[in-house]
Amino acid sequence: MIEITDLQKIYRMGSVEVRALDGVTMDIAKGEFLGIMGASGSGKTTLLHMLGLLDYPSSGRIVIDGTDLGSLTDYERTMFRLYKLGYVFQDYALVPDLTVMENVSLPAMLRKDRTGEQIKKDSYEILQRIGLCDRRDHLPRELSGGQQQRVSIARAMVNRPDILFADEPCANLDSENSRMVLELFREINEEFRQTIVMVSHEDWHKDYFHRIVRLRDGKVVSDGFNGKSGVT
Amino acid sequence: MGKKELNVAFLLALRSLQRGSRSSVVLTVLIIAMCFTNMVFLPGLFNGIGQSITAQIVDYETGNVLVGPKSGEQYVNDLDAVLDLINGMPGVERATPHLTKAATLKYRGRVLGVSVRVIKPGDEKFVSPLYSKIIAGSYLGEDDTGEVIIGKAVAGDRTIKQEDEFQPSLGGVQVGDSITVEYGPGYSREYRVKGIYSTGWYSADQTIFTTWSDMEQVEGQTLDHAEYITVKTKPGYTEKFIKNELEQYGVAESVSTMSDLLEKGMGRALQSFAIINMVSLIVGIVITTVVLFIVITIKTINSRKQIGILRAIGVDKEVIMHNYGMQVVIMAVMGIFCGVILTFLISLYMAAHPVVTPEWSATLYLTPMDYVTNSLILFLASVVAGYVPAWQVSREDIQSAMRA
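Protein chains in written order, with my numbering: chain B, 3 to 234; chain G, 452 to 855.
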């Protein structure tokens, strides 16, 4: 589903060259729950941003479902994100002035293939699925961190994306809420055969991943299925 | 940009205004309302002064149409015939003659040079509201002789010492007092002050009025000539129409409309007003644009992270730009509405309490077209001021915006 070939991201800070990603090559199959792990500064968030079309690589190639991302225009990248991808951010990233229902509906409202009724139905269903239907008219600030992150997951899922990206979604949550969010990801993955790519630095999160890719200094240092990892 | 995208932009804009910082919205709306007031106030006041001056010139100097002597002549001669001709024309309310005599007034040791205007009080009532401006005593009767009405400025005030007076006066003449009028070397006449008037028009308040009958006594002959004739038009008739009609009917004298005279006499002053109005308008627009630009720039800078997130989840930058643009549009409409209400209330207040100076009294004179024009200008300025920073910030790359 995702083919990554010799991906590089180089930041220049004056005369110093920082290789955030240094020749990453890997494939991600449909339905995988992939964990990208590594120490701070290892390049895991950078890799996620490249895969999620939030940033441009310095070199290399990413192909998602046969589409070479390097060939897309800015508008096509936006539409690709809207139609194909879903995002869950570390700090929930909900629109503070929109209610839970409006936040969840927002990505669907922009799709040309959805009617108003359909958007309402899909948003309602996904909110029911995450157990926050009764809070649908609340504003994000009226919810706990765990609830906000679940709303964020609902927003990412409302368009039934091909790939769900999650950037350290439990970083601001306590362990109980973290577990609840991870369980939700697992259920989504199993129920919908949803491809999930998640960045994490918490070791205990690996229990939820099918496959774990470890990065160090922008390089893949290990890649393997859970409990069977090996150096690539 | 489709309907769906515009709907989303509008939803985001509306929710931001409804649920975002209320104080920020109220402040911005007030700023726009103040900018609107700033844009229309000074031009409106100048228009008010212009209207006031024009009205006073019509009321106390020229009427709607002024008939003067033929070229090369000192007076309008064969007065009765000319008056009959003019008064008989459709659209003419009344024509009334005027003569002016230079004179020296004497009263209790005070000496003052003034103009004595000779009028036919009955006809004058149809042309000038002078009769309604009497503040003491009464207006002149048609056949009064030996009596005058004098302007408040000429009458003066007994409580003010001569050396403290702003302008020379007779030092406090009252109704019933006797004053001496010297018309020329060797001819003087005692007059009883029948009334004192105050028009608010400097030139009129600096003069005294007597009757045609009285001047005939002074001259010792029937007066069949006038310096000029002022003509009042009936409602629904334009000055231009009356002028053309007079010329067509064979009035050989010089005929001028009030507008012609105003153009000659005050053309430069009116041009100056127009220039000041334009400068004031441009300054107002610049201030409004800059203020709104700053307000929206701050708003968008504070929302950079959110803008980055919106873009990340697939919201097109056009939607984001229109979101902020529409916020400005909504606030501009609200601000302009408040500004219109505010200036309307000010104009009502000033109509009841005009700004009065020795030269003129002014109200805030604003036509519906002034409101429409200024509203449109301010609206366009607001749209530009809102959309430029919105356009800039929506084009920022996602990574930089999200890191903000």
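Be a bit skeptical, because a hint or two may be false.
[As the list claims (entries may be wrong)] In silico negatives: residues of chain B with every beta carbon more than 10 angstroms from chain G:
#: 1; residue: Q10
#: 2; residue: R83
#: 3; residue: P98
#: 4; residue: D99
#: 5; residue: E104
#: 6; residue: Y126
#: 7; residue: Q130
[Unchecked claim] In silico DSSO-like links for lysine-lysine, alpha-carbon gap of 30 angstroms or less:
#: 8; chain 1: B; residue 1: K123; chain 2: G; residue 2: K612
#: 9; chain 1: G; residue 1: K756; chain 2: B; residue 2: K114
#: 10; chain 1: G; residue 1: K455; chain 2: G; residue 2: K756
Hint data in this document are derived by calculation from the structure and do not stem from the laboratory.
Please read these numbers as outputs of a predicted model, since none were measured by experiment.
Where is the CB? At the ideal position from N, CA and C, for every residue including glycine.
Quick rundown of the hints versus the structure:
Distance check for B:Q10 against chain G: the nearest CB is about 16 angstroms away, which clears 10 angstroms, and the non-interface claim stands. Not every C-beta of chain G lies more than 10 angstroms from that of B:R83, the closest at about 4 angstroms, which undercuts listing it as non-interface. The Cβ of B:P98 sits about 8 angstroms from the closest Cβ of chain G, inside the 10 angstroms cut-off, so the non-interface label is violated. Against chain G, the non-interface label of B:D99 is violated: not every CB pair exceeds 10 angstroms, the least being about 4 angstroms.
The Cβ of B:E104 sits about 7 angstroms from the closest Cβ of chain G, inside the 10 angstroms cut-off, so the non-interface label is violated. The Cβ of B:Y126 lies farther than 10 angstroms from every Cβ of chain G, with a closest approach of about 18 angstroms, so its non-interface assignment holds. Remark: the non-interface label on B:Q130 is consistent with the geometry, its nearest Cβ contact in chain G lying 21 angstroms away (cut-off 10 angstroms). Proximity of B:K123 to G:K612 is assessed by CA-CA distance (about 90 angstroms); at most 30 angstroms being required, the pair is judged violated.
Taken as a hint, the G:K756 and B:K114 pair is honoured in the structure, with Cα atoms around 26 angstroms apart against an allowance of 30 angstroms. About 24 angstroms separates the Cα atoms of G:K455 and G:K756, which keeps this hinted pair within 30 angstroms; it holds.
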